[in-house]
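Visitor: Fit chain B to the given chain A structure using the hints.
Residues per chain, in single letters:
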Amino acid sequence: MARAQHDYDDIPGTFVFDAERSRQGYGINMFCMSLMKEENRKAFKANEAEYLKKFNLTPAQTEAVLRRDYNRMLELGGNIYFTAKLGATDGHSFRHLAATMTGSTQDDYAKMMLEGGRSVEGNRSKSGKSGVGSVLGEQGKPKAVKAKAKAKAGKAKSVKPKSARSKSKAKRK
Amino acid sequence: MARIIAGVASSHVPAIGAAIDNKQTEEPYWKRVFSGFEKSKEWMAKTKPDVAIVVYNDHASAFSVEMVPTFALGCAAEFPPADEGWGPRPVPVVKGHPELASHIAQSVILDEFDLTIVNKMEVDHGLTVPMNLLFGSPKAWPCPVIPLAVNVVLYPPPTGHRCFMLGRAIRKAVESYPEDLKVVVFGTGGMSHQISGPRAGLINSKFDKAFLDNLTKDPKKLTRIPHLEYMREAGAEGIEMVMWLIMRGALDDQVDEVYRFYTVPASNTAVGHIILENRKKAAAKSKVKRAAAHAKTAVVRSK
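If you're matching them up, the sequences are chains A and B in order. Residues in the first sequence are numbered from 1 upward in steps of one, following our numbering. Residues in the second sequence are numbered from 1 upward in steps of one, following our numbering.
Possibly wrong hints are sitting among the right ones.
[As the list claims (entries may be wrong)] Computed footprint of chain A on chain B, listed as stretches where at least three residues anywhere in the stretch have a Cβ under 8 Å from a Cβ of chain A:
1. 146 to 156
2. 257 to 271
[Claimed, not checked] Within a straight-line C-alpha distance of at most 27 Å, the following computed DSS-like cross-link-like pairs (lysine-lysine) qualify:
3. B:LYS172 with B:LYS217
4. A:LYS37 with B:LYS23
5. A:LYS85 with A:LYS42
6. A:LYS54 with A:LYS42
7. B:LYS206 with A:LYS111
8. B:LYS46 with B:LYS182
9. B:LYS46 with B:LYS217
10. B:LYS120 with A:LYS85
11. B:LYS182 with B:LYS172
12. B:LYS206 with A:LYS129
13. B:LYS206 with A:LYS126
14. B:LYS23 with A:LYS111
15. B:LYS221 with A:LYS129
16. A:LYS129 with B:LYS220
17. A:LYS111 with B:LYS31
18. A:LYS85 with B:LYS23
19. B:LYS46 with B:LYS139
20. B:LYS120 with A:LYS37
It is worth saying that the hints were derived from the structure and are not from the lab. If you're wondering where the values come from, they're calculated on a predicted model, not measured in any experiment. Even glycine gets a Cβ: it sits at the ideal position worked out from N, Cα and C.
Same shape as in the complex, but just chain A:
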């Protein structure tokens, strides 16, 4: 059966771990959970394909695990807190996983984070209908509303602006 459509499928680059994916990915996640034990990590590393047979994965899920295709694992029901255990078993840092999932190098990913992270601008919606029903207001609404909200926010207790912060950090690193 095809996956049911949800409002959150409109968020780009995001696989929401919902009840359907949780059911579909049960084997992937329980496999990852098994890697919390040293003897299981050893058994997996000794013969990956053989070890995976214990978890009733589909051929596509097995392939995603063997190829360390982290996005595909998420799409097929894996959850990041679980798949991160596979990364750790490989001796990889989380930054390595993040770089893999975002298609960037570890250095570029780290640099992006130091500069304030990935902007939400242009990353809200596949369909462009993101402002509908937004409660905190300024985030997804047209520019005129945005400017007003900004002026209001300026009056509130100030935290150092993002631009100044990222500049000083860039120097430090």
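Guide: Frame of chain A, contents of chain B only:
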């Protein structure tokens, strides 16, 4: 009578725990983060709560996908740190407060919040990192802790409104406990971050700041944020912020913001932190108001 005197919110980034455990807190990258909690530790040392209720989420440590409770209240006498794949964090065993915890469980369940009661549970960085940030790294934690684990991993987590109302119910439970105890509630997780998929690395400081402002002044507005907005604006994992609303719901409507800190990034996450105190003078007044509110509820229910 036990009473809630203050609420604390803080991110619970695992890398912060690793930086503490690997003694990297003086490195410039980490000093920027830890320096923001110096005043908070002083505040906590002065406040000396008798019990802390820590709202947090488990990250595939105590709960796998075999069982996913929406709200799980730790009623055990102690909670050992979980092995998250690198051995348990070298932090003290967390001592519980089984009497108050079971009192809360009983009270809120009869108040129609169907908690899961947990009598054996290990706790991961979600709980221990905020404790480090507020209590430092003592040989033993200075007060007993009641963990409240919230599912924010498997969609859908409880709504922000549900979380806020649970906070209210917890407050009522605490205030009906006969022993004279000062209680601080922690809301943990967030702020904006996404650690999964091609959009990983997302940060939205505007959203975070608006959230912090409203947390103090207009938390009811925050209770209307739909899950879609959290995920879209604050990242798939930014939805953790609903947990802050349990803390906020347990406080008075009017609170004093005594401290705030925000920095980007710690690892993949925007670090947010706030301390809110109930107003001491208003205590008697709000009691009357709450009694009136309860009376109103009773009328509605009897219809």
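Visitor: Are the hints correct? Go through all of them and say.
Guide: Evaluation of the provided hints:
1. 146 to 156: With 4 residues closer than 8 Å to chain A, the stretch 146 to 156 of chain B meets the three-residue bar; holds.
2. 257 to 271: holds (count 9)
3. B:LYS172 with B:LYS217: At roughly 21 Å apart (the allowed maximum being 27 Å), LYS217 of chain B and LYS172 of chain B satisfy the hint.
4. A:LYS37 with B:LYS23: holds (26 Å)
5. A:LYS85 with A:LYS42: holds (14 Å)
6. A:LYS54 with A:LYS42: holds (15 Å)
7. B:LYS206 with A:LYS111: holds (20 Å)
8. B:LYS46 with B:LYS182: Status holds; Cα separation ~12 Å.
9. B:LYS46 with B:LYS217: holds (25 Å)
10. B:LYS120 with A:LYS85: holds (23 Å)
11. B:LYS182 with B:LYS172: holds (14 Å)
12. B:LYS206 with A:LYS129: Distance ~19 Å between LYS206 of chain B and LYS129 of chain A Cα, so the pair holds.
13. B:LYS206 with A:LYS126: Holds - the C-alpha atoms of LYS126 of chain A and LYS206 of chain B are around 21 Å apart, at most 27 Å.
14. B:LYS23 with A:LYS111: holds (23 Å)
15. B:LYS221 with A:LYS129: Between LYS221 of chain B and LYS129 of chain A the Cα gap is close to 22 Å, so the pair holds against 27 Å.
16. A:LYS129 with B:LYS220: holds (25 Å)
17. A:LYS111 with B:LYS31: holds (18 Å)
18. A:LYS85 with B:LYS23: Satisfied, since the Cα-Cα distance of roughly 23 Å is no more than 27 Å.
19. B:LYS46 with B:LYS139: Cα-Cα ~19 Å, so holds.
20. B:LYS120 with A:LYS37: holds (20 Å)
Going down the numbered hints, you'll see the structure goes against none, and every one checks out.
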